[in-house]
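2 protein chains.
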Amino acid sequence: MLDKLDLTKTTDDAKYDATLQEYKDKLSILQRTLREQKIPVIIVIEGWNASGITMAVHEIVHALDPRGYTLYKIDKPTEEERARPFLWRFWLRIPPKGRITLFARSWYTRVIAEQTQKHSWEKSLKRRVNEINTFERQLADDGTVILKFFLHITKEEQKRRLEERERNPLTACLVTASIWNLHHHYDDALPVFNDFIKETDTPYAPWTLVEATDRKYAILKVYATIIKTLEKRSDAAEEGKAKKQKTKEIVKPKKNLVKRHSHPEKVLTKDELQDTLSQLQVEMLELHYLLFKRKIPLIVVYEGWDAAGKGGNITRVTRFMNPLGYYVVPVAAPTVHERDYHYLRRFIKYFPTAGDIAIFDRSWYGRVLVERVEKITPEADWQRAYQEINEMEEEFVYSSGGGIVKFWLEISKEEQLKRFNERASDPKKVYKITDEDWRNREKWDQYDEAVDEMLARTSTDIAPWTVIESDDKWFARVKALRTIIAAAHRLL
Amino acid sequence: MLDKLDLTKTTDDAKYDATLQEYKDKLSILQRTLREQKIPVIIVIEGWNASGITMAVHEIVHALDPRGYTLYKIDKPTEEERARPFLWRFWLRIPPKGRITLFARSWYTRVIAEQTQKHSWEKSLKRRVNEINTFERQLADDGTVILKFFLHITKEEQKRRLEERERNPLTACLVTASIWNLHHHYDDALPVFNDFIKETDTPYAPWTLVEATDRKYAILKVYATIIKTLEKRSDAAEEGKAKKQKTKEIVKPKKNLVKRHSHPEKVLTKDELQDTLSQLQVEMLELHYLLFKRKIPLIVVYEGWDAAGKGGNITRVTRFMNPLGYYVVPVAAPTVHERDYHYLRRFIKYFPTAGDIAIFDRSWYGRVLVERVEKITPEADWQRAYQEINEMEEEFVYSSGGGIVKFWLEISKEEQLKRFNERASDPKKVYKITDEDWRNREKWDQYDEAVDEMLARTSTDIAPWTVIESDDKWFARVKALRTIIAAAHRLL
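Sequence order for the protein chains is A and B.
The first sequence: position 83 = 73 (our numbering), numbered continuously.
The second sequence: position 413 = 403 (our numbering), numbered continuously.
Treat the hints as calculated values from the structure; they're not laboratory data.
Do not rely on the hints blindly, as some may be mistaken.
No copy labels: a pair is met if it fits in one copy or bridges any two.
[As the list claims (entries may be wrong)] Each computed DSSO-like pair below joins lysine-lysine, with the alpha-carbon atoms no more than 27 Å apart:
no., residue 1, residue 2
1, 222, 422
2, 260, 403
3, 422, 28
4, 116, -6
5, 419, 188
Since we're looking at a predicted model, the values are computed, not measured.
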């Protein structure tokens, strides 16, 4: 670990100049190859203050074609970012296929700061480690290469460098009181860094510890590691073209763990249901204010058969919500641009800020419904999605203190036919029915199986599914709103 | 104006219910029609505190399909937004083709707040009015419908409503001290609002003043105005399909106002130039720190012939810049998604934050170069672009305090051929040359004319063009960096 590193290592000028140029040329070529191979790369540079993070980034980017990389300097989160789950801003910054993203400081920065400042290390360590390892594993599973570097210097060296910066009028303003304060806590921070590095050093996102006393030695070590890793991946991709990746054995879930009925057990009149709905809408208005006041976010997911009444249900449920505190995210097929990223990114982007309600009209479950049935996504990928989705939902709930309500709107096959025909024959509704709806209907049984598996594998304690019996539209609206209200009460 | 409105107007319940439903149905149909016609719509709702802005937004969005609108509640700008030009965050929120964007408060909010709080009304009025009118006119020219509403109530009515909200435990927390403070300055604010409304009431973005004492009256007036305006536009679009829009008469600029030479007057050796460059790079390092410290942003635009050496020039110019304080924006053809917006939006998005340097490798000038020559954009549109670009650059400089440096990298036709052939025959460079480059070369004369006109019409006092004689690459690098350094000195 850090304290075992030999910080006296150096590189002489002659070797440095020759080797650096060679490395730069290699990296430049590798960048183009990886772009063609559509491999995304994340390079994280972490380390002590004044350990040379900026300088390392500097040397790397000068070998790169600016058309193919993005550099993020990670600072304190903005107000908007603070009102979101911890990893939200990093999800928005992941590289698309074929691009290199460099992080000068990263998701580790806040965690390290939290731990050293609050002295509550052990309490939240496990949670943070888990979040980060999951995040990195999901990206790696999607094909992203992740390289992480920690630049290490001694406390004495840090002091020397900070004093040097203070003497230079151009850099003096960068050495703030809080930087000196962190310096004085160097000895407390060291075991924390060690722990965290150990816990997050994984096969899919390994750490490289860098002896950073000698600038030149550090640069060459970073370069050598990047080149070796990228070459290995690029070669593997080349070979992999022929042989198919081996899919993990799939554990089939028990069937029908979640029962689905399309018709409500107890029949009420339309008038009774509308009265109840009006009362619930008023109750929701009040709850919405309270969620807003207490800064609790809520996600509501609508999935269901075509013509099950998602749109009408959403309109009724939101009738008395304050439009400044909720929004509907209509989910369609991903754009070309969106397809270049991990599939969860386009949903996480719309996750609600503290106090907001985000209603998803269709959602990330498309991965295990339409993408599965229509064979848009290989089986290995949608099989992996059940776990990824559970992790994402768990991460949202834990990290935001909010809730997730998920609806499956169930109608019978006969009821769907009736509604399709109604739409087709009503000039005011005909725009709602397309050839695609009819094609989907032909695959009813395949969708049925996919829905069963989805409900069985993603109905978790923190984000359970609620089946809404939607043959009766008014019943469906009442049940949906009642479920949201119950969830809000539990959160308040 | 506001003080002339009859605030006693009311609407009775029966009329309200019937008319509202009729309006909602109409708006719902209009939304679909406008989507098909690809017309973007902006609806701004402004007004006094407690005048019913939220309630008006509420009633409008409930008639809309959530798949086709976005609602923004405009609050104080975030830290990131504060570090950008005033209109930046609104440019990012404009609707794409066929979409409706509602603003609950808007770009007027900050201006009004500035004016009433600082009591410096007349000083900056002209500048702000000009900025806003230009912004709205540019969007309108691009086909956006802009509707602006101001909800008006008396001081007494405002007091009554604020007190009512204070009595309700759910809303009490919303009535802050600063809201009461604004209430006490109602009489000061009134003439300010009047002035501002008058100055920004334009044919392309007119204000509708709304008597908002009676909630129902206000809602119906807002609805009626929206429907009337959208119907008119939709009908015009229908008719307009046949007849071509009349293009304004074009004033041809004098030719060759900016002289172009591809070869430097004074010939220096490569060694001399490289020495000079090294010195300038060190000087730039220092200036970059100072720009960063004083939070001055800088834009550098690179345009030039294919193979003129833009990439190599940028690499040398940025050699010693801190990568955390500059970035290169490589500009390619717009994506499908980007094409749905006003063409300037995708560039404004990358404008630098305070203290950063943004280097554009190609830029918004593509509008009057490749889009003109390749006939991608109709003449009326690219002709309008010269003025739009000048306005955008001026707005950036005034509103950020930063600077813009623009380079045209000139090479001779012979030199280009030589470089094309070199690239084609060098396996390390062959990726740099494409069929498109050869096709562009065939249109040299057309590009030549477009460049002349661009330089003549967009070389302004605040953002002049610098022609870089690039037959000699090392000379070109020295001249570019020297020009940036001179600009930085002027800004500091």
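Here is how each hint holds up against the structure:
When the C-alpha separation of residue 222 and residue 422 is checked against a cutoff of 27 Å, the pair qualifies only between copies, where the shortest distance is 26 Å, while the shortest distance within a copy is 51 Å. Proximity of residue 260 and residue 403 under a CA criterion of 27 Å is satisfied intra-copy only: 22 Å inside one chain copy versus 79 Å between copies. Only between protomers do residue 422 and residue 28 lie at most 27 Å apart by alpha-carbon distance; the minimum there is 19 Å, versus 38 Å within a single protomer. For the homomeric pair residue 116 and residue -6, the shortest alpha-carbon distance inside one copy (24 Å) is at most 27 Å, but the shortest distance between copies (65 Å) is not.
Neither within a single protomer nor between protomers do residue 419 and residue 188 lie at most 27 Å apart by alpha-carbon distance, with minima of 60 Å and 43 Å respectively.
Of the numbered hints stated above, the single one contradicted by the structure is hint 5.
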